[in-house]
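Trainee: Sequence:
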Amino acid sequence: MNSNPVREKLGRGEAAIGTWSSTGDPSVIELLARTGLDWLTVDFEHNPIDVSTAINCLRGMMGTECVPFARVPSNDPIWTKRVLDIGFLGVVVPDVRSPEEVERAVKGARYRPAGERGIGSTRGSLIYGGDYYQKANDLTMVVCMIEHPDAVRQIDEIMRVPGLDVAFIGPNDLASSMGVPIGLDNKHPDHMAAVAKVLAAGRRHGVAAGIHCIDGAEVARRIEQGFQWMPIASDSRVLRWGMEFQLKDAKANGVRAGGGSMKGPASATATAPAGATRDGKKDASGKAFY
2 MNSNPVREKL
12 GRGEAAIGTW
22 SSTGDPSVIE
32 LLARTGLDWL
42 TVDFEHNPID
52 VSTAINCLRG
62 MMGTECVPFA
72 RVPSNDPIWT
82 KRVLDIGFLG
92 VVVPDVRSPE
102 EVERAVKGAR
112 YRPAGERGIG
122 STRGSLIYGG
132 DYYQKANDLT
142 MVVCMIEHPD
152 AVRQIDEIMR
162 VPGLDVAFIG
172 PNDLASSMGV
182 PIGLDNKHPD
192 HMAAVAKVLA
202 AGRRHGVAAG
212 IHCIDGAEVA
222 RRIEQGFQWM
232 PIASDSRVLR
242 WGMEFQLKDA
252 KANGVRAGGG
262 SMKGPASATA
272 TAPAGATRDG
282 KKDASGKAFY
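So for the sequence shown, this note's numbering puts the first residue at 2; every next one is plus one.
Read the hints as simulated data drawn from the structure, not as lab findings.
Among the clues, some could well be false.
Unchecked claim - Listed next, the in silico EDC-like pairs over lysine to aspartate or glutamate satisfying Cα-Cα at most 16 Å (straight line):
| # | residue 1 | residue 2 |
| --- | --- | --- |
| 1 | 198 | 151 |
| 2 | 108 | 132 |
| 3 | 198 | 157 |
Whole structure, please, built from the sequences with the hints as guidance.
Mentor: Listed below in structure tokens is the structure:
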């Protein structure tokens, strides 16, 4: 690999659609990487995933066009180095609030002279070629999360930092830090204004903007607005939704094998998955979770 397909798509003004992995399960990721997703982010921040587990996730993605990203627990160059050294091609840094914090993220992800990443990626050279150190800066993407009003206030300064590829809005933490109700696809007017401000700054500075989306319908709407880097929910959420939809159908008639009604709440009135219904309409109960 000599280029990053996601960076190329963004450079052409196209959208790149991915998902989040909160399971960190190699078998799940192996399947998802073959669905046509542009990228997939393994979430180290909020889940019991370590690099020894994640390396098998990367092996599950090999042979596909799906680009691996890692959300690290914090803006720590040691964490960034560890995930990039095992083969991730992008780092997602949470809760960046200032241009100085963006600079720290970029330096941790790039080799000199563009950054300060240390040499030592045995696996990088193995899977991406013997010239990995020469091309790694072009392969590696830096995504900084906008999750606090301080970041929104300084968004123009943040967007000006060289080496930033995507300014990615985390809707729940942004809402929480603003003191408004949390939820994906958030309709609170203050939240919507903050989101619009980030998007407008991205357009001014030529930096792709992204936002975490609750479903494919929201992704389509965000693309129309001008966003370019969006995950569809997460692997755990999609897995749960899929089974709940199928189970609802299986129990729709409320019939016991051999005849008779099923007892209990799992009958014809079975509820749809939290946050979604079969007709695509969303309720509020599940919107807060990825």
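Trainee: Run every hint past the structure and note whether it holds.
Mentor: Comparing the hints with the structure gives:
At most 16 Å may separate the alpha-carbon atoms for a hinted pair to count; residue 198 and residue 151 meet this at roughly 13 Å. Using a Cα cut-off of 16 Å, the hinted pair residue 108 and residue 132 is violated, with the two alpha carbons roughly 20 Å apart. With a CA separation close to 9 Å, the supplied pair residue 198 and residue 157 stays within the 16 Å bound.
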